[in-house]
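Sequences and hints are given; from them, build the entire structure.
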Amino acid sequence: MGTLATEFRIAYNNGSGPGLAAVLTPIATRDDPDRLLSFYNFSNPAYLTKDLNSSFFHGKNPRVPKAEQHAWVDIFAAYWEAVGEILKWEAGHPGASAVAIFNAWKKVANAVIRGYSVQSGLPAWSLPCLYTVGKFLRTFAIKADLQVASQGSSGLDFQEEVAADFEKNATLEDAARVINRMFTLCLSDRAPIEESRKWGIYNTTNLLFKTYFKINSVGLTKNLIRAIKAQSDDLPPLDAFPKSHIVTFEYYLGVIHFLDENYAEAEEHLTNAWRLCYRHANKNRELILTYLIPCHLVTTHTLPSNQLLAPFPRLEKLFRPLSNCIRTGDLVGFDKAMSAGEEEFVKRRIYLPLERGRDIALRNLFRKVFIAGGFEEAKDGQPPIRRTRVPVAEFAAALRIGTHATGRTRVDMDEVECLLANLIYKGLMKGYIARERGIVVLSKNNSAFPGTGV
Amino acid sequence: MNSSVPWRESRWPAPAPSAAPVPFPTATPACIPVQARRSLAHNKATQPATNGYPPQPAMPSTESDPRPRMEFPPAVRSYVQRCFAPENQVASVDTKEMQEKLRFVITDAAENHKLEMIDWERLALPQVMIQNERNKILANPSVSHWGMSSQPSSPGDASRKRKSTDIHQTENSPPWRKANNNRNRFEDRVTHPSTEKRPRMTTDDSRPVIGRCQKLEKNYFRLTSAPNPDTVRPLPVLRKALDLLKKKWKQESNYTYICDQFKSLRQDLTVQHIRTDFTVTVYEIHARIALEKGDLGEYNQCQTQLRVLYAQSLGGNPTEFKAYRILYFIYTRNWTAMNDALADVTAADKKNEAVKHALDVRSALALGNYHRFFQLYLETPNMGAYLMDMFVDRERLSALAAMCKAYKPDVNIRFITEELGFESDEQTARFVLEHAPAELLEERNGSVRLLTGKAGLVFEQAKSEAHRVVDIKGQI
Chain A
1 MGTLATEFRI AYNNGSGPGL AAVLTPIATR DDPDRLLSFY NFSNPAYLTK
51 DLNSSFFHGK NPRVPKAEQH AWVDIFAAYW EAVGEILKWE AGHPGASAVA
101 IFNAWKKVAN AVIRGYSVQS GLPAWSLPCL YTVGKFLRTF AIKADLQVAS
151 QGSSGLDFQE EVAADFEKNA TLEDAARVIN RMFTLCLSDR APIEESRKWG
201 IYNTTNLLFK TYFKINSVGL TKNLIRAIKA QSDDLPPLDA FPKSHIVTFE
251 YYLGVIHFLD ENYAEAEEHL TNAWRLCYRH ANKNRELILT YLIPCHLVTT
301 HTLPSNQLLA PFPRLEKLFR PLSNCIRTGD LVGFDKAMSA GEEEFVKRRI
351 YLPLERGRDI ALRNLFRKVF IAGGFEEAKD GQPPIRRTRV PVAEFAAALR
401 IGTHATGRTR VDMDEVECLL ANLIYKGLMK GYIARERGIV VLSKNNSAFP
451 GTGV
Chain B
1 MNSSVPWRES RWPAPAPSAA PVPFPTATPA CIPVQARRSL AHNKATQPAT
51 NGYPPQPAMP STESDPRPRM EFPPAVRSYV QRCFAPENQV ASVDTKEMQE
101 KLRFVITDAA ENHKLEMIDW ERLALPQVMI QNERNKILAN PSVSHWGMSS
151 QPSSPGDASR KRKSTDIHQT ENSPPWRKAN NNRNRFEDRV THPSTEKRPR
201 MTTDDSRPVI GRCQKLEKNY FRLTSAPNPD TVRPLPVLRK ALDLLKKKWK
251 QESNYTYICD QFKSLRQDLT VQHIRTDFTV TVYEIHARIA LEKGDLGEYN
301 QCQTQLRVLY AQSLGGNPTE FKAYRILYFI YTRNWTAMND ALADVTAADK
351 KNEAVKHALD VRSALALGNY HRFFQLYLET PNMGAYLMDM FVDRERLSAL
401 AAMCKAYKPD VNIRFITEEL GFESDEQTAR FVLEHAPAEL LEERNGSVRL
451 LTGKAGLVFE QAKSEAHRVV DIKGQI
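Note that the protein sequences, when read in sequence, are chains A and B.
Counting in the UniProt record's numbering, the first sequence runs without a single skipped number right up to 454 at its last residue.
Counting in the UniProt record's numbering, the second sequence runs without a single skipped number right up to 476 at its last residue.
Worth flagging that the hints you see were computed from the coordinates, not collected in a lab.
Please note that the accuracy of each hint is not assured.
Stated by the list, open to error - Derived BS3-like pairs (lysine-lysine); straight-line CA-CA distance at most 27 angstroms: (1) B:LYS350 to A:LYS317; (2) A:LYS347 to B:LYS350; (3) A:LYS347 to A:LYS368; (4) A:LYS347 to B:LYS356; (5) A:LYS66 to A:LYS107; (6) A:LYS222 to A:LYS135; (7) A:LYS243 to A:LYS283; (8) A:LYS210 to A:LYS347; (9) A:LYS379 to A:LYS430; (10) B:LYS454 to A:LYS430; (11) B:LYS408 to A:LYS444; (12) B:LYS351 to A:LYS336; (13) A:LYS336 to A:LYS379; (14) A:LYS336 to A:LYS143; (15) A:LYS426 to B:LYS463; (16) A:LYS317 to A:LYS347; (17) A:LYS444 to B:LYS454; (18) B:LYS463 to A:LYS430; (19) B:LYS350 to A:LYS336; (20) B:LYS356 to B:LYS293; (21) A:LYS368 to B:LYS408; (22) B:LYS215 to B:LYS250; (23) A:LYS210 to A:LYS229; (24) B:LYS454 to A:LYS426; (25) B:LYS408 to B:LYS463; (26) B:LYS356 to A:LYS336; (27) A:LYS214 to A:LYS135; (28) A:LYS347 to B:LYS351; (29) A:LYS426 to B:LYS351; (30) A:LYS430 to B:LYS408; (31) A:LYS283 to A:LYS135.
Unchecked claim - Across the chosen pairs, the derived CB separations fall in these ranges: (32) B:GLN312 to A:GLY451: 46 to 54 angstroms; (33) A:TRP89 to B:GLU353: 50 to 58 angstroms; (34) B:GLU426 to A:ALA393: 29 to 37 angstroms.
Backbone N, C-alpha and C define an ideal beta-carbon position, used for all residues, glycine too.
Written out as structure tokens, the structure is:
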């Protein structure tokens with residue numbers, strides 16, 4: 001306890017939020033491996049409050065208002081209990097369980113929330129404590145759910161309209177409710193902005209986003225976004241917040257739009273995240289690219305360069321085969337690469353946008369047909385013009401080669417027309433089909449396949 | 001959609017009485033006897049347990065007529081002071097509520113001549129009384145005003161869900177009942193991936209009920225309290241009930257009746273925690289009937305539950321319903337859910353004809369390959385066609401938008417008929433005319449042609465109109 005109390009006093013006197021948060025962190029540090037144990041041994045349930053009071057606030061330093069003192073004592077009393085559960089767990093005590101740790105830590109979280117909600121309670125500069133407590137609440141909940149799952153389903157209660165997915169995350173859902181209160185606590189603070197908890201809004205939102213993604217309730221994120229939007233007039237601009245909060249926030253916002261197939265907005269947010277992300281945070285950069293690359297494929301029809309993928313072997317494996325097939329217009333290869341990667345794509349929720357890459361592959365194949373068609377006879381010294389009237393049959397032939405069609409799986413002319421019509425409709429090809437004459441009339445002046453130079 | 005609006009409007013006024021314990025007008029009660037009396041009546045109803053003195057019989061209102069201004073004893077004055085002291089304020093009770101309560105407590109005491117009798121030092125502060133009352137209401141849901149209106153009464157009352165079929169019922173019910181029905185209905189359909197509902201469910205319904213009811217037919221009524229074994233049918237009775245329902249459906253095809261009966265059947269299974277192949281059968285049959293009748297809300301409830309049941313390998317036809325599920329998400333355009341549905345498909349499933357068909361439909365649409373899509377439409381296995389019918393017109397408009405942009409100057413309407421799975425040129429023409437002006441069709445050399453060069457914008461608009469996100473209550 002001695003050290004922990006000293007740490008608290010120092011952090012408090014320095015007005016250091018992260019310092020206070022470090023005190024509340026429920027893990028031992030390298031410098032002080034017995035940190036938790038010595039704190040736990042320092043007191044017992046009967047004298048806990050008294051001990052905390054005297055060691056934290058005795059004397060003139062720091063000067064803390066009464067209400068706030070109570071709040072801190074409540075928090076550390078709950079913390080003491082939680083530390084007890086953690087130590088039991090670490091010692092392999094038979095009565096220990098991840099669920100008990102979670103429940104004890106939930107009390108810490110509730111004490112912190114109460115500390116901020118009461119009049120003249122915890123000051124806003126100590127918000128990092130809220131982040132730390134929320135972060136560990138989520139971690140402990142996940143561990144507790146794993147433990148419950150490994151012990152077998154404890155009498156799954158059959159409920160209409162409650163799907164199995166929701167059973168296995170019961171504790172995490174509970175955590176989400178608590179974190180949601182933290183979110184409201186930050187969002188609804190009306191104190192002047194300098195000392196407002198509004199500065200914690202993105203951190204708590206990110207934590208909730210993470211949690212909702214994990215419990216497979218992405219839909220719930222919409223409520224948060226709506227709540228923030230409704231308050232946006234009272235919030236400082238995004239770039240006034242710490243970058244670490246914003247990168248994550250933009251990333252999730254991007255992914256949420258991505259899942260709704262709003263690729264333009266998704267791209268905007270993901271690009272922001274990519275731009276702000278710390279250079280050496282490779283895991284985060286990889287996560288951003290996982291969604292940004294498919295996004296680009298859909299919005300701008302561009303493929304990732306070798307240089308971009310080089311530092312990320314996992315992404316390389318994920319996207320390289322596919323991009324190669326798209327580039328060369330290899331439809332069979334594309335379909336193979338899609339089904340080979342299907343499981344991974346579906347897991348990462350990028351299957352649907354990647355599938356659209358087939359259009360680009362098809363465009364590239366048809367573009368070859370156009371180029372192979374050569375030039376019209378040049379007239380009186382004019383520069384030669386490409387042949388812009390291409391029989392549908394030629395595209396069909398390309399498709400037959402491109403899909404390795406045999407006599408049995410013949411290519412249906414109507415289907416070829418349909419594919420052509422789609423490319424034209426999507427703006428990947430310019431021109432029109434004259435059905436009666438069986439030809440495609442392509443645009444002249446190097447614009448038949450926009451953006452590809454021909 | 002629309003149905004949620006009346007629900008929302010009606011939701012707010014109703015809980016108010018429970019939240020604000022004393023609906024007391026702001027006028028000073030001392031001068032208005034009628035209101036003083038009203039407060040007494042209320043006192044009898046809600047006070048005794050909380051404020052610590054026995055209720056008095058109501059006094060005739062005339063007695064408290066214009067009273068002379070009276071001096072309050074010091075104990076009362078100090079009580080009032082304590083009420084307003086900042087350290088005694090409670091965040092959840094605002095000053096106005098507190099003042100009203102305070103006024104009520106004092107007037108009441110004065111009128112009953114108890115000013116001297118009450119121990120003002122010990123009497124709870126009004127803000128605390130208010131809190132206590134609220135807690136009492138929270139702790140005891142049966143006090144809440146919501147529980148009241150949903151007693152099982154006439155069969156027509158049981159909340160059913162069809163939109164069009166039960167108009168007669170909503171029309172002759174009073175507005176408050178309508179509101180409550182709507183609410184039940186809404187609750188019915190919303191699945192709760194989140195949060196609020198769970199704890200209640202696990203605690204309330206953890207022990208299965210064993211039914212004693214022997215009747216085969218039973219109207220559905222959404223439970224608001226623990227099920228009563230006398231009205232729950234045990235498994236053997238449920239089996240007979242299912243046979244009866246199957247027969248009735250074949251003979252009468254009365255969907256309103258059947259749906260209601262199936263819902264009560266499902267409920268009886270749920271409250272008794274029966275989870276066997278029979279459960280699967282019930283859900284599957286109900287899902288198929290709902291599909292046939294286009295009741296996608298009900299269908300989706302069954303589908304969601306079936307997914308859980310299949311996960312426990314209780315038999316049934318998982319692949320058939322996996323295929324429906326994919327088609328359903330195509331219809332609702334719920335891509336997040338679609339991704340989940342794809343994740344559920346195993347390699348073995350893909351060999352199944354129906355699943356393969358559904359996956360092909362999905363990929364054909366994703367790539368805009370209408371040619372393939374309409375070929376698949378014509379060869380849909382099982383009851384998938386009912387689902388495809390829900391979105392086939394929407395996809396026809398998409399295809400027409402693409403065709404109009406790609407084909408110049410016109411196409412033979414016969415081509416559209418063939419490509420878009422219409423039954424005849426007449427049907428095609430009728431479909432085109434529903435969305436486009438007649439000038440766009442032209443007769444030439446004995447065939448009707450669509451002037452695709454001019455129709456692009458028309459179909460583009462019709463397409464985006466049709467592609468607004470489908471919102472179905474009860475969707476995951």
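Hints, verified against the model:
1. B:LYS350 to A:LYS317: holds, 25 angstroms
2. A:LYS347 to B:LYS350: holds, 17 angstroms
3. A:LYS347 to A:LYS368: violated, 34 angstroms
4. A:LYS347 to B:LYS356: Since the Cα atoms of LYS347 of chain A and LYS356 of chain B sit roughly 20 angstroms apart, the hinted pair holds (cutoff 27 angstroms).
5. A:LYS66 to A:LYS107: Holds, at about 21 angstroms.
6. A:LYS222 to A:LYS135: holds, 21 angstroms
7. A:LYS243 to A:LYS283: holds, 16 angstroms
8. A:LYS210 to A:LYS347: Judged against 27 angstroms, a Cα distance of about 16 angstroms means the pair holds.
9. A:LYS379 to A:LYS430: holds, 24 angstroms
10. B:LYS454 to A:LYS430: holds, 17 angstroms
11. B:LYS408 to A:LYS444: holds, 16 angstroms
12. B:LYS351 to A:LYS336: holds, 17 angstroms
13. A:LYS336 to A:LYS379: violated, 46 angstroms
14. A:LYS336 to A:LYS143: violated, 38 angstroms
15. A:LYS426 to B:LYS463: holds, 14 angstroms
16. A:LYS317 to A:LYS347: It holds: about 15 angstroms lies between the C-alpha atoms, which stays within 27 angstroms.
17. A:LYS444 to B:LYS454: holds, 22 angstroms
18. B:LYS463 to A:LYS430: Roughly 21 angstroms separates the two Cα atoms, so the pair holds.
19. B:LYS350 to A:LYS336: With a Cα-Cα distance of about 15 angstroms, the restraint between LYS350 of chain B and LYS336 of chain A holds, given a limit of 27 angstroms.
20. B:LYS356 to B:LYS293: Answer holds: LYS356 of chain B to LYS293 of chain B is near 25 angstroms, not above 27 angstroms.
21. A:LYS368 to B:LYS408: holds, 24 angstroms
22. B:LYS215 to B:LYS250: Distance ~21 angstroms between LYS215 of chain B and LYS250 of chain B Cα, so the pair holds.
23. A:LYS210 to A:LYS229: Satisfied, since the Cα-Cα distance of roughly 19 angstroms is no more than 27 angstroms.
24. B:LYS454 to A:LYS426: Distance ~18 angstroms between LYS454 of chain B and LYS426 of chain A Cα, so the pair holds.
25. B:LYS408 to B:LYS463: holds, 20 angstroms
26. B:LYS356 to A:LYS336: holds, 17 angstroms
27. A:LYS214 to A:LYS135: holds, 14 angstroms
28. A:LYS347 to B:LYS351: holds, 21 angstroms
29. A:LYS426 to B:LYS351: violated, 32 angstroms
30. A:LYS430 to B:LYS408: Answer holds: LYS430 of chain A to LYS408 of chain B is near 12 angstroms, not above 27 angstroms.
31. A:LYS283 to A:LYS135: holds, 19 angstroms
32. B:GLN312 to A:GLY451: 46 to 54 angstroms: For GLN312 of chain B and GLY451 of chain A the Cβ distance comes to about 52 angstroms; the hint holds.
33. A:TRP89 to B:GLU353: 50 to 58 angstroms: holds, 52 angstroms
34. B:GLU426 to A:ALA393: 29 to 37 angstroms: Because 32 angstroms falls inside the window, the suggested range holds.
Of the numbered hints stated above, those contradicted by the structure are hints 3, 13, 14, 29, listed in ascending order.
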